[in-house]
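So the chains spell out like this:
There are 2 protein chains.
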Amino acid sequence: MPSYSVPLRDMKFVYNELFDPTDISALPGFEDATEDLINPILEEAARLAENELFPLNTTGDLEGCQFDNGHVTTPQGFIDAYKQYAEGGWVGLPCDPKYGGQGIPAAVNVLMEEMACSANVSFATYVGLTRGAYRAVNTFANDDLKNQFLPKMVSGEWSGTMCLTEPQCGTDLGLIKTKAALQSDGTYTLSGTKIFITAGEHDLTQNIIHLVLGRLPDAPKGIKGISLFLVPKFLPDTEGNPSTRNPIFCARIENKMGIKASATCEMNLDGATGWLVGEPHKGMRAMFTMMNDARLGVGIQGLGIGESAYQAAATYARDRQQGRALTGAKTPDAPADSLLVHPDIRRTLLTMRAFTEGARALAVWIGRNIDIRDHSNDAEAKKQADDIVQLLTPIVKSYLSEAGHDNAQMAIQIYGGHGYIRENGVEQYARDARIAMIYEGANGIQALDLVGRKMPAHMGRYLRRFFHPIQDWIGAHTADPDLQPFVLPLAKAFGRLQMATGQIAKAGLKDPNEAAAASSEYLKLFALVALAFLWARMAQTAMRQKDSSEPEFYEAKIKTAQFFMERVLPQTGALFSSIMAGGSTLMNFSDDAF
Amino acid sequence: MPSYSVPLRDMKFVYNELFDPTDISALPGFEDATEDLINPILEEAARLAENELFPLNTTGDLEGCQFDNGHVTTPQGFIDAYKQYAEGGWVGLPCDPKYGGQGIPAAVNVLMEEMACSANVSFATYVGLTRGAYRAVNTFANDDLKNQFLPKMVSGEWSGTMCLTEPQCGTDLGLIKTKAALQSDGTYTLSGTKIFITAGEHDLTQNIIHLVLGRLPDAPKGIKGISLFLVPKFLPDTEGNPSTRNPIFCARIENKMGIKASATCEMNLDGATGWLVGEPHKGMRAMFTMMNDARLGVGIQGLGIGESAYQAAATYARDRQQGRALTGAKTPDAPADSLLVHPDIRRTLLTMRAFTEGARALAVWIGRNIDIRDHSNDAEAKKQADDIVQLLTPIVKSYLSEAGHDNAQMAIQIYGGHGYIRENGVEQYARDARIAMIYEGANGIQALDLVGRKMPAHMGRYLRRFFHPIQDWIGAHTADPDLQPFVLPLAKAFGRLQMATGQIAKAGLKDPNEAAAASSEYLKLFALVALAFLWARMAQTAMRQKDSSEPEFYEAKIKTAQFFMERVLPQTGALFSSIMAGGSTLMNFSDDAF
Numbered sequence: 001m002p003s004y005s006v007p008l009r010d011m012k013f014v015y016n017e018l019f020d021p022t023d024i025s026a027l028p029g030f031e032d033a034t035e036d037l038i039n040p041i042l043e044e045a046a047r048l049a050e051n052e053l054f055p056l057n058t059t060g061d062l063e064g065c066q067f068d069n070g071h072v073t074t075p076q077g078f079i080d081a082y083k084q085y086a087e088g089g090w091v092g093l094p095c096d097p098k099y100g101g102q103g104i105p106a107a108v109n110v111l112m113e114e115m116a117c118s119a120n121v122s123f124a125t126y127v128g129l130t131r132g133a134y135r136a137v138n139t140f141a142n143d144d145l146k147n148q149f150l151p152k153m154v155s156g157e158w159s160g161t162m163c164l165t166e167p168q169c170g171t172d173l174g175l176i177k178t179k180a181a182l183q184s185d186g187t188y189t190l191s192g193t194k195i196f197i198t199a200g201e202h203d204l205t206q207n208i209i210h211l212v213l214g215r216l217p218d219a220p221k222g223i224k225g226i227s228l229f230l231v232p233k234f235l236p237d238t239e240g241n242p243s244t245r246n247p248i249f250c251a252r253i254e255n256k257m258g259i260k261a262s263a264t265c266e267m268n269l270d271g272a273t274g275w276l277v278g279e280p281h282k283g284m285r286a287m288f289t290m291m292n293d294a295r296l297g298v299g300i301q302g303l304g305i306g307e308s309a310y311q312a313a314a315t316y317a318r319d320r321q322q323g324r325a326l327t328g329a330k331t332p333d334a335p336a337d338s339l340l341v342h343p344d345i346r347r348t349l350l351t352m353r354a355f356t357e358g359a360r361a362l363a364v365w366i367g368r369n370i371d372i373r374d375h376s377n378d379a380e381a382k383k384q385a386d387d388i389v390q391l392l393t394p395i396v397k398s399y400l401s402e403a404g405h406d407n408a409q410m411a412i413q414i415y416g417g418h419g420y421i422r423e424n425g426v427e428q429y430a431r432d433a434r435i436a437m438i439y440e441g442a443n444g445i446q447a448l449d450l451v452g453r454k455m456p457a458h459m460g461r462y463l464r465r466f467f468h469p470i471q472d473w474i475g476a477h478t479a480d481p482d483l484q485p486f487v488l489p490l491a492k493a494f495g496r497l498q499m500a501t502g503q504i505a506k507a508g509l510k511d512p513n514e515a516a517a518a519s520s521e522y523l524k525l526f527a528l529v530a531l532a533f534l535w536a537r538m539a540q541t542a543m544r545q546k547d548s549s550e551p552e553f554y555e556a557k558i559k560t561a562q563f564f565m566e567r568v569l570p571q572t573g574a575l576f577s578s579i580m581a582g583g584s585t586l587m588n589f590s591d592d593a594f
Numbered sequence: 001m002p003s004y005s006v007p008l009r010d011m012k013f014v015y016n017e018l019f020d021p022t023d024i025s026a027l028p029g030f031e032d033a034t035e036d037l038i039n040p041i042l043e044e045a046a047r048l049a050e051n052e053l054f055p056l057n058t059t060g061d062l063e064g065c066q067f068d069n070g071h072v073t074t075p076q077g078f079i080d081a082y083k084q085y086a087e088g089g090w091v092g093l094p095c096d097p098k099y100g101g102q103g104i105p106a107a108v109n110v111l112m113e114e115m116a117c118s119a120n121v122s123f124a125t126y127v128g129l130t131r132g133a134y135r136a137v138n139t140f141a142n143d144d145l146k147n148q149f150l151p152k153m154v155s156g157e158w159s160g161t162m163c164l165t166e167p168q169c170g171t172d173l174g175l176i177k178t179k180a181a182l183q184s185d186g187t188y189t190l191s192g193t194k195i196f197i198t199a200g201e202h203d204l205t206q207n208i209i210h211l212v213l214g215r216l217p218d219a220p221k222g223i224k225g226i227s228l229f230l231v232p233k234f235l236p237d238t239e240g241n242p243s244t245r246n247p248i249f250c251a252r253i254e255n256k257m258g259i260k261a262s263a264t265c266e267m268n269l270d271g272a273t274g275w276l277v278g279e280p281h282k283g284m285r286a287m288f289t290m291m292n293d294a295r296l297g298v299g300i301q302g303l304g305i306g307e308s309a310y311q312a313a314a315t316y317a318r319d320r321q322q323g324r325a326l327t328g329a330k331t332p333d334a335p336a337d338s339l340l341v342h343p344d345i346r347r348t349l350l351t352m353r354a355f356t357e358g359a360r361a362l363a364v365w366i367g368r369n370i371d372i373r374d375h376s377n378d379a380e381a382k383k384q385a386d387d388i389v390q391l392l393t394p395i396v397k398s399y400l401s402e403a404g405h406d407n408a409q410m411a412i413q414i415y416g417g418h419g420y421i422r423e424n425g426v427e428q429y430a431r432d433a434r435i436a437m438i439y440e441g442a443n444g445i446q447a448l449d450l451v452g453r454k455m456p457a458h459m460g461r462y463l464r465r466f467f468h469p470i471q472d473w474i475g476a477h478t479a480d481p482d483l484q485p486f487v488l489p490l491a492k493a494f495g496r497l498q499m500a501t502g503q504i505a506k507a508g509l510k511d512p513n514e515a516a517a518a519s520s521e522y523l524k525l526f527a528l529v530a531l532a533f534l535w536a537r538m539a540q541t542a543m544r545q546k547d548s549s550e551p552e553f554y555e556a557k558i559k560t561a562q563f564f565m566e567r568v569l570p571q572t573g574a575l576f577s578s579i580m581a582g583g584s585t586l587m588n589f590s591d592d593a594f
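Residue numbers (the working numbering), protein chains in the order written: chain D, 1 to 594; chain P, 1 to 594.
These are calculated hints, taken from the structure and not from any lab test. Take the hints with a grain of salt, since some may be wrong.
Heads up, the list lumps identical chains together, so a pair's fine if it works in one copy or across two of them.
Computed cross-link-like contacts, DSS-like style, restricted to lysine-lysine with a CA-CA straight-line distance of at most 30 Å [said to hold, decoys possible]:
{"id": "1", "residue 1": "K330", "residue 2": "K177"}
{"id": "2", "residue 1": "K506", "residue 2": "K492"}
{"id": "3", "residue 1": "K330", "residue 2": "K221"}
{"id": "4", "residue 1": "K282", "residue 2": "K146"}
{"id": "5", "residue 1": "K83", "residue 2": "K98"}
{"id": "6", "residue 1": "K146", "residue 2": "K98"}
{"id": "7", "residue 1": "K330", "residue 2": "K282"}
{"id": "8", "residue 1": "K146", "residue 2": "K382"}
{"id": "9", "residue 1": "K330", "residue 2": "K506"}
{"id": "10", "residue 1": "K330", "residue 2": "K224"}
{"id": "11", "residue 1": "K330", "residue 2": "K510"}
{"id": "12", "residue 1": "K179", "residue 2": "K330"}
{"id": "13", "residue 1": "K492", "residue 2": "K546"}
{"id": "14", "residue 1": "K383", "residue 2": "K224"}
{"id": "15", "residue 1": "K98", "residue 2": "K382"}
{"id": "16", "residue 1": "K12", "residue 2": "K383"}
All chains, please: the whole structure from these sequences, using the hints.
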């Protein structure tokens, strides 16, 4: 069984040292968000993740969810763990205090989410969906709906779902068939079939609040005719307590590769009662609001699993004795040396660390921008922060999910044959991590979002928001001799990103397939530059602490930064070449030849 | 459920067009190996793979092997399929006719193995292990043992295993503890515990012939004290029929990530009777002989699964309608366009094809060299062929297993959410493919074998065997205008390989950790150059056929070659940069900081 302990020291480094925490505590509503408040929250969250969620991870995978005649049973221990989670106020951690939330900054919440995903990603899906549903209702529903449903969702008494996908449509939501019709009392009846509904049915909460995409009778065709509805499993009575069973039933749960303790449901709506959320036919806008939150959450799943995979691999590598150091036995009295003597093992572990620590910085960066966007009184600051969130969301979703899965694969490799055995727990990380590249918009769709929407938005304004600080930082530190090992590779990779951006913008204007053909590689190039920028700044931050009482901690940061520049960042060259090759070869390949 | 049909046309292209098949039929013993013999064999093998093995793939995964009190039951249908396989003479396809084998060239056998692995890799493991055991016995055992055991192994009546790993040693076989002691009758008794024994126990054959590594009482420490023993499950009586049950028992089978229909056994030897194979303490040499065969077989598992993953993904992409072409609807009357209109889907499919078709050429290339090594009368030709086999074995094992797994992951991604569902069959490809990177020497060990053994061997002779033909080919075609899109990228990548070789040789001489730190990236760089060489030649071969009756077939070859050069080969640049960065950053990272 792997072990996991929350990397609190690393988290605090990012939150308090890499970034300035007073940026957040200066925001209206976050006056109390100082170290005195945040550190105990992180520490308490860590105890919960390590002691309650993590022990259920392997058992949850082996047991899975059970389906019986419309009812879903979660694995043993999940009900108790959920109860503790909800009663501790963790479901509503980042939610509005008006509805009982803790009103904690998003920049802190991403760290809490990372812990939950590291400890037990299946468990985390139940809570994550509630948050996405909360956000859609809070942003788009009328006050009646908000007052009726949000407090119980925030408290965790009720959970939420997003019911989007149907058998004929995953990515292409314009094909949705679920029908909605207005009733005389102002409610709607909904009928249709939804598939792949995470947490669509389970035994953790009294009630489940489904947010359902459907089509009104007069709806325009395609995605411009989609509306969003709130459809509770139990209709509340006049006191607000669950009462009449609404005909939205779970027909089956899927037998999946991973996240087996997360119930993935087929949901049948058979004249279920619902309320319209937002305006008719404007459901896609509301859906994207919750989806964008969910996309960040999915990226953080990659980070979380990537971290636990790293810890498992590092522990195994330290303890397992096999072979000898090439330069002579390091522990001659032992039957063999630790795996840590082998350069390729160290390379693998450092690749994993370079990802998780960089990704954590990226997640907190985007969390900070969410906080500024949602809480600042300064309109310009809000806009700038939103630009960064918009731009980075597809990048965080795709890159973190992909690299997190890579980390899990590397952990298996370090375990060797033992990594392939279920009871040893690391192959589960790979299976659990695999879905993050797919759900909430497959990674290819994120790449299209980046080149098709985010890149051209407002004449490239989002891009400038990202490019200018990097350019400024490089400019300010070009002459700093200590920072050369970081500034130079960053500048080179950044130059590639700029050239690739120009090329895609130009070629894509003439032929959108050209932009699409380069999109996946462009997203990865973008992500690597973002991580390089953060690693360079982490190295700089660590260098300033050379006289601290934790020299090893800062030394490891600097070395990992160096490793990232030397052994990870060069990928940008290959990505750049692929992008510049253009799309004609693949577009001219005959369909029949595939 | 995915579909699979054997890519016979592609196989024949490699066997008969890319390479000269008369090189093989000119070898002693292969006079009959002409198209008239080989084509029907491939076609019959294809029928077997498609109709008998493939239908048991998904069911075998869902059912798995069952263990009960020492006995292992394979999934439903496996016994019948094995019977057909054995009775058709397929187990002994490449084996010596002296023992009842078909004496078919290795270059043909690799294609048969590819089919079996594409159709049902769990099934293929049972047969693959018998071949490895056959080869060890045939090469090292005395005539008595050979005559007694080989005919029944070749016929498939009895199967074989390789019992190497113990709980305390996977990679590091010097730590083996299994004890062997000489008896007065010349046999040995063996006691110890072996783990991860593929096909260690099952219900497919009357008898199982275990090849067991153990230690004699007077054995030197470490790997120089390992001997190889033949230990049958049932000792044969004087007629050669299975008689006394030998105390080598299966204690449990593993619950694994994949290849669930392949029984992975813990085997306890409790005074089991065995015979020495080869000389005392020289077991590692014999072990490497069967291991090298097995390594090729493992690489071919990657190719095989990579091919079926490609076919599944291509079929799904063609059939699934989702979204619209960015340049306007392609099938406006349908609710959506086929996934094939999307550039990123095409990029993914072409990445998969570029791998499988290149890998197939590489596998046949190595198969041809095995044939020359084993059958030629020309000592120099034999030596040259052996050099190539030695050099390419770790590359085929590692690169094909890794890229095959990547193909499976790409297939899941094209399927989207449906790819994550077990009953749809593609996630199984990823789970099944994952083990190939680990067993028969983890890929990191292959990379060490390449830089530590194969590179310096005979003062670089193996390398020259590979470098010179590439250099010659580039030289001969530099001026050919049609081949420019292939010659130039090949030359660039080859230049990187040469420089990286020089750097590793130089730095590794001073500090072996420097070579090891670069080894994984070097192996991958090497593999990409090998594939580029083969792709350039496949493009050349296809160009010569422009007036043929199959213009689409050859056109697709040329386009795929171009895609490989444009979008896959640029990875060599990143690999080269990583190699040149050296190992100091990772070696200087503090052990305690991991």
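Comparing the hints with the structure gives:
1. K330 - K177: between (66 Å within a copy, 22 Å between copies)
2. K506 - K492: both (21 Å within a copy, 28 Å between copies)
3. K330 - K221: Classified as between: cross-chain Cα gap 18 Å, same-chain 70 Å, threshold 30 Å.
4. K282 - K146: Cα proximity of K282 and K146: one copy only (18 Å, versus 77 Å across).
5. K83 - K98: within (22 Å within a copy, 71 Å between copies)
6. K146 - K98: Result: close within a single copy only, 10 Å intra versus 83 Å inter.
7. K330 - K282: between (66 Å within a copy, 27 Å between copies)
8. K146 - K382: within (24 Å within a copy, 80 Å between copies)
9. K330 - K506: Only across copies: K330 and K506 sit 24 Å apart there, 57 Å inside one copy, limit 30 Å.
10. K330 - K224: Classified as between: cross-chain Cα gap 21 Å, same-chain 67 Å, threshold 30 Å.
11. K330 - K510: between (61 Å within a copy, 18 Å between copies)
12. K179 - K330: This pair counts as between: shortest inter-copy Cα distance 28 Å, intra-copy 69 Å.
13. K492 - K546: For K492 and K546, the Cα distance is within 30 Å only inside one copy (27 Å; across copies 43 Å).
14. K383 - K224: Classified as within: same-chain Cα gap 26 Å, cross-chain 70 Å, threshold 30 Å.
15. K98 - K382: within (22 Å within a copy, 82 Å between copies)
16. K12 - K383: within (27 Å within a copy, 61 Å between copies)
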